[in-house]
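Count the sequence shown with this note's numbering and you get residues 4 to 102, in order.
It is worth saying that the hints were derived from the structure and are not from the lab.
Check the hints yourself; a few may be wrong.
[Stated by the list, open to error] Simulated DEER-style distance windows between Cβ atoms: (1) Gln59 with Met4: 51 to 57 Å; (2) Arg80 with Glu56: 35 to 41 Å; (3) Thr54 with Asp96: 27 to 33 Å; (4) Arg7 with Asp96: 27 to 33 Å; (5) Arg55 with Gln79: 29 to 35 Å; (6) Glu85 with Lys48: 27 to 33 Å; (7) Thr54 with Pro99: 34 to 40 Å; (8) Met4 with Lys81: 33 to 39 Å; (9) Arg70 with Phe95: 32 to 38 Å; (10) Asp33 with Ala75: 33 to 39 Å.
We put the beta carbon where it would ideally sit given N, CA and C, even for glycine.
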Amino acid sequence: MDERARNEYLESCHQQLRELFSTDSGKRSDPAALHRVQGFIHAGKVLGVLTREQSQTMMEQVHLEVRGETLAERAQRKARLEAARRGEYECFDTPPSER
């Protein structure tokens, strides 16, 4: 694959991830769109255009651009909310400015 085609592929990955992360506003994203992006990224790995580390970095970057938080920060936030739903309020013992 030449460099131009590789760059087009990577830009297409970015665009698909942007669309996926921006349309999922707290609800479950469209399963078909999620599978399409996963398949597209997997194809890049199989063809040797993209490594697992590069795809992880790309997802982190795009998620930060679109959502303003990293995937790890989002997972922590969701874990705290889930704990609160179960009645575990220890996370709220810490002042908001320190959470």
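We went through each hint and held it up to the structure:
1. Gln59 with Met4: 51 to 57 Å: violated, 21 Å
2. Arg80 with Glu56: 35 to 41 Å: violated, 25 Å
3. Thr54 with Asp96: 27 to 33 Å: violated, 42 Å
4. Arg7 with Asp96: 27 to 33 Å: Violated, at about 55 Å.
5. Arg55 with Gln79: 29 to 35 Å: violated, 23 Å
6. Glu85 with Lys48: 27 to 33 Å: holds, 31 Å
7. Thr54 with Pro99: 34 to 40 Å: Given about 39 Å between the Cβ atoms, the range holds.
8. Met4 with Lys81: 33 to 39 Å: Once the Cβ atoms are compared, 37 Å apart, the range 33 to 39 Å for Lys81 and Met4 holds.
9. Arg70 with Phe95: 32 to 38 Å: violated, 23 Å
10. Asp33 with Ala75: 33 to 39 Å: Violated - the Cβ-Cβ distance for Asp33 and Ala75, about 24 Å, lies outside 33 to 39 Å.
Of the numbered hints given earlier, the model fails hints 1, 2, 3, 4, 5, 9 and 10; all others are met.
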